[in-house]
Structures are given as structure tokens and as C-alpha cells.
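Undergrad: Sequence:
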Amino acid sequence: MDSEGVRERESEEEKECEMSSEREEESDGERGEEDMDAEGEEEGDEIEGEEGRGAMRDMEEWNGFLSEGKTDHGHDEDALVEWKPGDPVTPQHVLRLAGYTDDYLCSPEENIYHISFSRFKIRDLEGGSVILDLKRLCPTEIEDVKEQEAARFIQYHFTPAFLSLREIGATLEFTVGSKAVNRFRLIERHYFRDMLLKTFDFEIGFCIPHSRNTCEHIYCLPDLDPQTIEEMISHPFQTRSDSFYFANNKLIMHHKAEYSFCKGV
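Using this note's numbering, the letters of the sequence shown map in sequence onto residues 18 to 282.
Hints were generated in silico from the structure; no laboratory data involved.
We treat Cβ as the ideally placed atom computed from N, Cα and C, and that holds for glycine.
Please note that the accuracy of each hint is not assured.
Each computed EDC-like pair below joins lysine to aspartate or glutamate, with the alpha-carbon atoms no more than 20 Å apart [to be verified]:
1. LYS280 - GLU233
2. LYS196 - GLU220
3. LYS267 - ASP120
4. LYS267 - ASP150
5. LYS138 - GLU190
6. LYS267 - ASP104
7. LYS215 - GLU247
Taking CB as the label site, the calculated pair distances span [claimed, not checked]:
8. HIS131 - LEU241: 23 to 29 Å
9. GLY103 - LEU241: 17 to 23 Å
10. PHE137 - SER181: 33 to 39 Å
11. THR216 - GLN172: 17 to 23 Å
12. ASP141 - ASP104: 39 to 45 Å
13. SER124 - LEU241: 21 to 27 Å
Make a model of the complete structure from these sequences and hints.
TA: And the structure:
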């Protein structure tokens with residue numbers, strides 16, 4: 018074979034090698050784009066999954082409960098901004114109230130479970146003495162109707178020594194009507210004048226129909242400075258509290274109380 022034939026064949030082989038290299042580069046480029054698309058879809062799925070979980074978590078927070086039955090008070094401010102009179106009263110709403118309420122936030126008729134309190138006892142956990150024991154004997158439906166409004170408000174008379182207690186136990190006895198109560202919850206807000214003293218949040222849980230129930234809540238009383246204590250003693254019934262009872266995150270009862278710590282009582 019002459020030299021020209023050799024050069025032509027070498028030239029053709031070089032062209033085929035170049036074309037093969039170009040095809041491999043194009044194939045690699047297509048695979049790279051497919052990999053990027055797949056990664057993008059996976060990242061998108063992760064983002065959508067996180068957003069979905071976030072939305073579900075926000076909904077759970079608005080409903081008032083998180084995992085392990087705990088409430089979160091740091092993520093509900095945006096939801097509360099939209100609350101207006103006439104909307105359902107939620108646990109988050111009462112936990113953000115600026116002060117003692119002027120009016121009741123629900124009517125007696127909203128107690129559709131016919132919950133009736135028959136006893137309330139307070140004892141000093143350290144000393145063991147009983148400070149208060151209120152009993153309501155043999156309640157009837159007629160008495161319940163007459164006393165619905167009066168039962169929502171009470172005045173307590175304590176001695177100044179009560180303000181030096183550190184822990185008290187409050188025993189509550191109550192009966193339930195023909196409807197089961199799910200996620201029964203009590204939130205108490207205690208104030209002296211416009212100052213919030215402390216918030217107590219208790220989950221009572223599930224109560225079966227036609228049941229009599231007893232539970233004791235432990236109150237860790239707030240540390241008060243001597244000046245505030247003297248003011249509370251000198252101004253009876255300016256220490257007040259709102260008690261909000263919820264079932265399935267809906268307010269069903271609202272009770273009010275005033276406290277006197279006068280000397281000589």
C-alpha cells in the first residue's frame with residue numbers, strides 16, 4: 018500500500034475516534050442532566066415533605082397540643098392575631114390574655130357534658146393541714162339550673178399565712194353527664210390587679226359518661242416580694258383568677274374567683 022493510502026486510512030480512523038469521543042461526551046452530559054433532575058426531584062420531595070410536616074405541626078399547635086401532651090406557647094402569636102369576638106376560644110387565646118377578664122368567655126349552656134363540681138379541698142402539702150374543704154351535697158338538676166350563674170363565681174377568705182406556703186394540693190371532685198369528656202383541661206390565670214402572678218395548666222384527660230371523678234392538682238405557689246405580699250393583704254379581693262375548662266380544645270366552662278388575705282380572718 019502506498020503512503021497516500023496509509024495517510025487516508027489514518028485520517029479516517031482519527032475522524033472516527035473524534036466522532037466516538039463526541040458521542041461519549043454527549044452521553045455523559047445527558048446522564049449528568051438526568052442525575053441532576055433526579056436529585057432535584059428528591060430535594061423537591063424533601064422540601065415538600067418538610068413543608069407538609071410543618072403545616073401539620075402548625076395545625077396541631079393551633080389545636081392546642083403537641084407530642085407528649087405538651088403545649089407550645091411560642092408559635093401561636095400569628096394565629097391569635099386573627100382571633101375576634103365570636104370565634105371559638107382556644108387554650109392559646111386564654112394563655113395570651115393580657116389580664117383578668119371583664120366578662121365570662123362562654124355561657125353556662127356550653128357545658129354540654131353537664132359537668133358538676135361536688136367538692137373542692139385545699140391542703141398544705143408540707144404541713145398536711147386542710148385549709149379549705151367545700152362540699153356540695155346531693156346536687157339535683159333543678160338546683161343546677163338555679164345555681165349555674167352563682168356557681169361560676171366565688172370569694173375565698175384566707176389568712177396572710179397562706180401567702181407563705183410553697184406548695185398546695187387542690188382536690189377536685191366532679192360528676193359527668195351522659196356524654197364522655199375527651200381531653201378535659203383546666204387553665205388557671207391568677208392576677209393581683211393587672212399583674213399576672215402565675216398560670217397553671219392541668220390536663221385532666223378522659224372522663225367516661227355517668228362517672229364521678231376525683232383528681233388532685235399540685236400548685237407551686239409563686240415567689241412574691243414582701244411589698245407585693247403586703248399590698249395583697251391590704252387590698253382584699255384585688256387578687257383574682259380566671260379558671261378555663263376545655264374539652265377537645267373548646268371552652269366549655271369559665272369560672273371566676275376573688276381572694277382575701279386579711280389579718281384576723
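Undergrad: In this structure, is the beta-carbon distance linking SER124 and LEU241 contained in 21 to 27 Å?
TA: 34 Å, violated
Undergrad: So does HIS131 sit 23 to 29 Å from LEU241, Cβ to Cβ?
TA: 38 Å Cβ-Cβ, so the 23 to 29 Å window is violated.
Undergrad: Keeping to a limit of 20 Å between CA atoms, is the pair of LYS280 and GLU233 held or broken?
TA: 28 Å, violated
Undergrad: Does ASP120 lie within 20 Å of LYS267 when you go C-alpha to C-alpha?
TA: Distance ~18 Å between LYS267 and ASP120 Cα, so the pair holds.
Undergrad: Between THR216 and GLN172, does the C-beta distance stay in 17 to 23 Å?
TA: 21 Å, holds
Undergrad: With 17 to 23 Å as the target window, see if GLY103 and LEU241 comply at their CB atoms.
TA: 37 Å, violated
Undergrad: Does 39 to 45 Å hold as the CB distance between ASP141 and ASP104, or does it fail?
TA: 41 Å, holds
Undergrad: With the threshold set at 20 Å, check whether the alpha-carbon distance from LYS196 to GLU220 stays at or below it.
TA: Given that 20 Å is the threshold and the Cα spacing comes to 18 Å, the pair holds.
Undergrad: Between LYS138 and GLU190, is the straight-line Cα distance small enough, at 20 Å or below?
TA: 9 Å, holds
Undergrad: Verify the proposed pairing of LYS267 with ASP150, using a straight-line Cα cut of 20 Å.
TA: 29 Å, violated
Undergrad: Taken at face value, is the distance from the CA of ASP104 to the CA of LYS267 at most 20 Å?
TA: Roughly 11 Å between the alpha carbons, so the hint for LYS267 and ASP104 holds.
Undergrad: Does the Cβ distance between PHE137 and SER181 fall inside 33 to 39 Å?
TA: 22 Å, violated
Hints 1, 4, 8, 9, 10, 13 from the list above are not met by this structure, while the remaining hints are.
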